[in-house]
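Protein chains in written order, with the numbering used here: chain A, 1 to 142; chain B, 143 to 436.
Think of the hints as simulated: they come from the structure by calculation, not from any bench.
Virtual Cβ for every residue (Gly too), placed ideally from N, Cα, C.
Just so you know, not all the hints are guaranteed correct.
Stated by the list, open to error - Only part of the chain A face toward chain B is listed, based on derived beta-carbon distances under 7 Å:
no., residue
1, Asn41
2, Ser45
3, Val49
4, Thr59
5, Thr63
6, Phe97
7, Asp109
8, Asn114
9, Ile116
Claimed, not checked - Straight-line alpha carbon distances no greater than 20 Å define the calculated EDC-like cross-link-like pairs of lysine to aspartate or glutamate that follow:
no., chain 1, residue 1, chain 2, residue 2
10, B, Lys190, A, Glu92
11, A, Lys37, B, Asp290
12, A, Lys32, B, Asp290
13, B, Lys190, A, Glu123
14, A, Lys37, B, Asp399
15, B, Lys228, B, Asp371
16, B, Lys190, A, Glu60
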Amino acid sequence: MKLKLVYSFCFVMLASIAFSQDCEQIARDCSKYLEGKAGENKFISDGQVYTAFLDREKTEIKTTLYGGSTYRIAASAGRKENYVIFTVKDSEGNILFTNRKYKNAPYWDFEVANTIQVLVETELDVDFKNTGCAVILIGFKQ
Amino acid sequence: MRKIFNYLVPTVLVLGTLTSCSGDGDGKEIDSDIKDSSKTLMTNFDIKVFSIPSPIQTSMLINQLNLPFYSDILNDPEKVSGYSTKSTQALNLGVYGTDLGYSALYNESSYSLKYLSAVQKLSEKLGLSGAFDKSFMKRFEGHLSNQDTLMTLISDAFMQGDMFLKNDNRKFDAALILAGGWIESMHISSEINIKKATTRIVERIGEQQWTLVSTIDLLSECNANGVNDELIGDLEDLQFYFDKIESKYTYVEPTTDIEDKTTMLNHKLEIKIDTDILNQISMKIRSIREKITN
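So here's chain B without its partners, still in its complex pose:
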């Protein structure tokens, strides 16, 4: 029995390290339940998992609204070589990934290829070249005019990268990629809304209040030695404005089609955003995005 105990305790500790956000030696305390052998040895990790919706979805919405393609609001792909730290590389991999999705949806092949090249360079620097390897490039180039396939290819590659980073105990990098992608998606939405105000985009911006909270929580969990303090502080400032958005949710019972394995969610949601608040959000997003891309 004692022998088993000798093996199990370190095993559990290592498994915990693998699944927690400790890629950078943040010295997190090990839960007392794990230390205490009288309690369950198989203690759980990642009880709360953070999710950031795909930035591609907002680009799809913009595309469906028949708004023109605005290349001037995207991050310059030439700046890729200037991102020298792991943090800026991860954040801007998210930024360029979002720009790639946006360009590809508009069938802007020359831009798509430039952003693809930027994504590939940063993924190589982050040790993720497996996700955007030569076979990916070939498939991407072979489907340049098929947006549905391109969206699937890009999302699958990012999913592969996410899995690799999590398996490699690098949730810190995975979190920054997600945060960069979300910030760029917010930037694209708010800049397009400044150029051409659209109710659906305003609503989509307002709908980000929960994702903003998840992004802050995610970055806070992966904040070894306070490296994300400035970004978290900026996002908390942004949250101050988001908290002023009025939203009213009304529950309505969903309906399920068992044969189709589909449930229809029938609730109602009303979002009201004051123009001044929207302007403050746009300005704050612009400033955060400038900090991470410059």
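Bound conformation, chain A alone:
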């Protein structure tokens, strides 16, 4: 019984470390999407890393995009670029963008003339990945 408990504990610790490292690596990879085109300034991160352990549900990020800025939303859930579907909606629920229409593009830019409150819904594309850590990053240029 004691041995079982020790095994369980070790398994749990290893699993939790693996999850944390997995997320960290995904975040590092995802941050490369904020670099922008060659010769252009990098998108400046908003200083936050949005992570979620996703299964078949969606995670929601509510944020404000300021007028007069260009934003980049980048998403990753691992090695391949097309694991994550993200959809940007306004406060009335209108869909402003979804990368689902563009082969789950891992990043997209948004030119914002007037400030707006948006909801970024994130989910894994179950055709490619069922479960795991998903990372979203938001960068801006002014």
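Model the placement of chain B on the given structure of chain A, informed by the hints.
Just chain B now, with coordinates in the frame of chain A:
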């Protein structure tokens, strides 16, 4: 099968702890779905993620309006040694980080270096020295006259710190850093607006109504043993005034350039703030900011 179950249940519980806001033993109830093995074991966490826009963006707006640099409205970097609790350290790391961004944007190198030193001291106390280490200092000092690079360096360092805290199950500290940064950004905007009223700054203050709600929600989620009660109460008082701001949003269909991977958001937004309300907001912000920096 039973063996697998024995391993999976605790694994899921630990993963849940890792991704929830429990760094301080707040004794949150575990969702019944997780306890119930007949339902999905891989239950989700962090379904709602709170986001606070970077305070650097408001400093950039102020800088673009060609307003002078006001050092007197910033927090005194000498006060850094007086912040002895984890909460005040985290809040003021956000405050000093915002002051650092504001000074760096104005090319005020002597101030930038003082704020950088304050940021470094607090990040060390919070166990975040990896984000503002010697190599960061060297890169920062090497780009003192290049604002774009400095903004990227500061933001990346805060992002690294945020990731570290979240991985270390310290979302509580991460939330306070964000709240401190937002409050300082509001303080800078409203104090500058008192010195020199500008329509764009008034609008930017009005645009904070949604971020204020997110800040309250974020702090409430990380409110172990009611430690944030006073700050949340103050922010709720502030929300009373923000609720009086009139804003009218009109949806207009966005346009997308597929080749450029860019979508233009074409909506309209009108914000109207009564002068009395603006004054009340400024006074309340000043009082909240005084509480966290003194």
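Results of checking the hints against the structure:
1. Asn41: holds, 5 Å
2. Ser45: holds, 4 Å
3. Val49: holds, 4 Å
4. Thr59: At about 6 Å, which falls below the 7 Å cut-off, the nearest Cβ of chain B leaves the hint on Thr59 of chain A intact, so it holds.
5. Thr63: holds, 4 Å
6. Phe97: Holds: closest Cβ of chain B sits about 5 Å from Phe97 of chain A, inside 7 Å.
7. Asp109: Nearest chain B Cβ about 4 Å off; hint holds.
8. Asn114: holds, 4 Å
9. Ile116: At 6 Å from the nearest chain B Cβ, Ile116 of chain A passes the 7 Å test, so the hint holds.
10. B:Lys190 / A:Glu92: Within the cut-off at roughly 17 Å; holds.
11. A:Lys37 / B:Asp290: holds, 16 Å
12. A:Lys32 / B:Asp290: With Cα atoms ~17 Å apart, Lys32 of chain A and Asp290 of chain B stay inside 20 Å; holds.
13. B:Lys190 / A:Glu123: holds, 12 Å
14. A:Lys37 / B:Asp399: holds, 16 Å
15. B:Lys228 / B:Asp371: holds, 16 Å
16. B:Lys190 / A:Glu60: It holds: about 5 Å lies between the C-alpha atoms, which stays within 20 Å.
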